[in-house]
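So the protein lines, in turn, are chains A and B. For the first sequence, the numbering used here assigns the number 1 to the initial residue and increments by one for each residue that follows. For the second sequence, the numbering used here assigns the number 1 to the initial residue and increments by one for each residue that follows.
Honestly, the hints are just simulated from the structure, not real lab data. Yeah, the Cβ is synthetic: ideal placement off N, Cα and C, and Gly gets one too. Mixed in with the good hints there might be a few duds.
As the list claims (entries may be wrong) - 27 Å max Cα-Cα, derived DSS-like pairs, lysine-lysine:
#1 B:K159 with A:K57
#2 A:K71 with A:K334
#3 B:K31 with A:K71
#4 B:K159 with A:K44
#5 B:K159 with A:K156
#6 A:K71 with B:K4
#7 B:K85 with A:K185
#8 B:K43 with A:K51
#9 B:K43 with B:K4
#10 A:K71 with A:K346
#11 A:K319 with A:K239
#12 A:K51 with B:K159
#13 B:K31 with A:K74
#14 A:K156 with B:K31
#15 A:K269 with A:K59
#16 B:K4 with A:K74
#17 B:K85 with A:K44
Stated by the list, open to error - Selected chain A positions facing chain B (Cβ under 8 Å, derived; list incomplete):
#18 A145
#19 G222
#20 T283
Residue strings, one per chain:
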Amino acid sequence: MGMTMTQKILAKHAGLSSVEAGQLILVNLDLVLGNDITSPVAIKAFQNMGKETVFDKEKVTMVMDHFAPNKDIKAAQQCMMCRDFCGNQEITNFYDVGQMGIEHALLPEKGLVVSGDAVIGADSHTCTYGALGAFSTGVGSTDMACGMAIGKAWFKVPSAIKFVLTGKLNKYISGKDVILHIIGKIGVDGALYKSMEFVGEGLASLSMADRLCMANMAIEAGAKNGIFAVDEITKAYVKEHSNREPVIYEADEDAVYEQVYEINLSEIKHTVSFPHLPENTHTVDEIDEIPIQQVVIGSCTNGRLQDLRVAAEIMQGKKVAKNVRCIVIPATQKIYLEAMEAGYLKTFIECGAVVSTPTCGPCLGGYMGILAEGERAVATTNRNFIGRMGHVDSEIYLASPEVAAASAITGKISAPEEVV
Amino acid sequence: MEMKGKVIKYGDNVDTDVIIPARYLNTSDHKELASHCMEDLDKTFTSRVQTGDIMVAGWNFGCGSSREHAPIAIKASGISLVIAKSFARIFYRNAINIGLAIVESPEASDAIAEGNIINADLNNGVLHNETTGEDYQVEPFPAFIQTIIENGGLVESIKNGSIQ
Numbered sequence: 001m002g003m004t005m006t007q008k009i010l011a012k013h014a015g016l017s018s019v020e021a022g023q024l025i026l027v028n029l030d031l032v033l034g035n036d037i038t039s040p041v042a043i044k045a046f047q048n049m050g051k052e053t054v055f056d057k058e059k060v061t062m063v064m065d066h067f068a069p070n071k072d073i074k075a076a077q078q079c080m081m082c083r084d085f086c087g088n089q090e091i092t093n094f095y096d097v098g099q100m101g102i103e104h105a106l107l108p109e110k111g112l113v114v115s116g117d118a119v120i121g122a123d124s125h126t127c128t129y130g131a132l133g134a135f136s137t138g139v140g141s142t143d144m145a146c147g148m149a150i151g152k153a154w155f156k157v158p159s160a161i162k163f164v165l166t167g168k169l170n171k172y173i174s175g176k177d178v179i180l181h182i183i184g185k186i187g188v189d190g191a192l193y194k195s196m197e198f199v200g201e202g203l204a205s206l207s208m209a210d211r212l213c214m215a216n217m218a219i220e221a222g223a224k225n226g227i228f229a230v231d232e233i234t235k236a237y238v239k240e241h242s243n244r245e246p247v248i249y250e251a252d253e254d255a256v257y258e259q260v261y262e263i264n265l266s267e268i269k270h271t272v273s274f275p276h277l278p279e280n281t282h283t284v285d286e287i288d289e290i291p292i293q294q295v296v297i298g299s300c301t302n303g304r305l306q307d308l309r310v311a312a313e314i315m316q317g318k319k320v321a322k323n324v325r326c327i328v329i330p331a332t333q334k335i336y337l338e339a340m341e342a343g344y345l346k347t348f349i350e351c352g353a354v355v356s357t358p359t360c361g362p363c364l365g366g367y368m369g370i371l372a373e374g375e376r377a378v379a380t381t382n383r384n385f386i387g388r389m390g391h392v393d394s395e396i397y398l399a400s401p402e403v404a405a406a407s408a409i410t411g412k413i414s415a416p417e418e419v420v
Numbered sequence: 001m002e003m004k005g006k007v008i009k010y011g012d013n014v015d016t017d018v019i020i021p022a023r024y025l026n027t028s029d030h031k032e033l034a035s036h037c038m039e040d041l042d043k044t045f046t047s048r049v050q051t052g053d054i055m056v057a058g059w060n061f062g063c064g065s066s067r068e069h070a071p072i073a074i075k076a077s078g079i080s081l082v083i084a085k086s087f088a089r090i091f092y093r094n095a096i097n098i099g100l101a102i103v104e105s106p107e108a109s110d111a112i113a114e115g116n117i118i119n120a121d122l123n124n125g126v127l128h129n130e131t132t133g134e135d136y137q138v139e140p141f142p143a144f145i146q147t148i149i150e151n152g153g154l155v156e157s158i159k160n161g162s163i164q
């Protein structure tokens with residue numbers, strides 16, 4: 001029986017010639033990731049196991065991004081624990097303030113993941129690297145600890161849903177609109193335990209930033225992983241960022257899919273997820289006036305250079321609406337620098353937005369933009385659960401950077417065409 | 001593996017942000033996490049939960065973040081078992097890895113009401129509702145999962161040699 005792209009990568013990493021959905025396998029890992037929230041729990045578990053050294057100091061990475069730069073004393077203690085552990089273990093890829101960025105923007109940029117890899121991360125959005133044609137999935141801290149100890153993780157081989165992309169995105173429509181549209185269609189558990197595989201001629205109009213954004217939110221449909229077929233755009237990205245050779249896997253022609261959806265990219269409109277689930281999607285052209293108090297442009301979903309470029313283009317020469325706070329967070333130091341050199345940061349500041357150092361901060365209600373009771377935010381982040389960005393009675397509307405930038409100007413949820 | 005307790009019931013898509021809000025993730029202390037468990041969904045939970053109580057919920061329990069703090073907070077609150085129609089996949093792994101018993105059963109989730117007393121025998125796959133007298137059949141845990149949960153989680157099981 002034919003295998004999906006994900007199944008082929010898993011089989012290879014388990015040393016098997018083939019696998020099928022439902023099979024339990026032990027997989028050799030190319031990279032084990034943790035952050036400042038999940039790593040302390042994993043470090044305790046690792047030490048509790050009685051292990052002295054990690055399986056490979058080149059293949060374990062920790063990124064201080066969630067509550068860093070340290071938001072309070074407890075966060076500082078957690079970062080210190082990670083710093084000490086990585087120092088003692090001589091872990092090469094430890095990213096602290098100054099080098100760090102939001103983990104899922106940082107790792108592809110640093111070339112730590114390439115096509116064909118098998119990666120686990122103690123962060124649910126680890127599925128982002130599927131954009132590169134890698135198998136990559138979020139796990140908990142105990143799995144991270146075992147991964148650090150033995151370089152392996154067990155998996156149940158997932159079945160898959162195939163998304164055949166056709167057509168081409170219209171101006172000011174991006175990967176975020178596509179993935180919100182898909183989650184609205186299949187629901188927050190529509191791909192539970194499964195792979196989401198993205199293929200088709202439509203890939204040609206999706207940049208790496210679009211693909212990383214879409215794979216990032218596979219977890220919001222419950223998926224084990226999201227993965228994109230590798231094409232010239234992927235190969236060029238990997239070549240630019242990594243010295244490692246990509247390994248390209250393609251699904252067999254007779255691979256079995258539980259469902260196949262055809263998505264015509266030309267038909268995708270500006271899409272927003274209303275509180276309190278990513279599946280509560282509406283297109284901007286069908287909604288009533290929704291006043292907002294905050295806009296966040298950033299996160300592992302949409303803090304990349306392309307996202308900042310389009311936001312700056314839309315906001316150029318305008319002012320953030322009165323009573324709206326607009327917070328822009330470049331996802332990595334490199335993106336920050338490039339956005340500065342290109343003049344985007346100047347545009348944001350002249351508009352009345354603030355620009356923050358890279359951090360996950362407000363996305364998970366940590367700091368750097370917490371909402372008060374009854375407030376509404378438009379955010380380019382990935383979750384709009386109850387209380388996610390602050391007060392239990394605040395609201396988050398998930399949107400593309402295009403819609404977020406336009407909304408910052410008008411003070412209500414708006415399409416970019418309204419302001420450009 | 002048997003447990004008995006009073007039911008505390010919730011709906012669909014209970015996410016990890018309401019199980020333990022991220023503002024408390026600056027610690028991994030089990031008791032401190034338990035003191036904020038469920039607070040954005042149910043402010044009464046921490047004051048009414050008793051050791052041994054059983055949590056029952058709908059579809060996609062534990063969706064969202066990979067934070068292991070979520071099953072840790074539930075377990076440290078005294079909950080002995082979570083019954084749901086389905087679990088989000090990372091939560092499912094994490095719960096087993098830290099030794100929190102969980103079981104999937106749409107039938108039991110529909111039939112069981114808040115406050116019912118449930119007697120669970122997971123090795124044989126039977127949930128008995130003492131309040132209504134009903135029995136619900138569930139998939140028994142495979143042996144290695146039973147071993148992990150009985151030993152208090154994957155780390156303890158590796159450490160004491162019960163999983164090799």
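Structure versus earlier hints - violations, ascending order: 6, 8, 11, 14, 15, 16, 17 and 20
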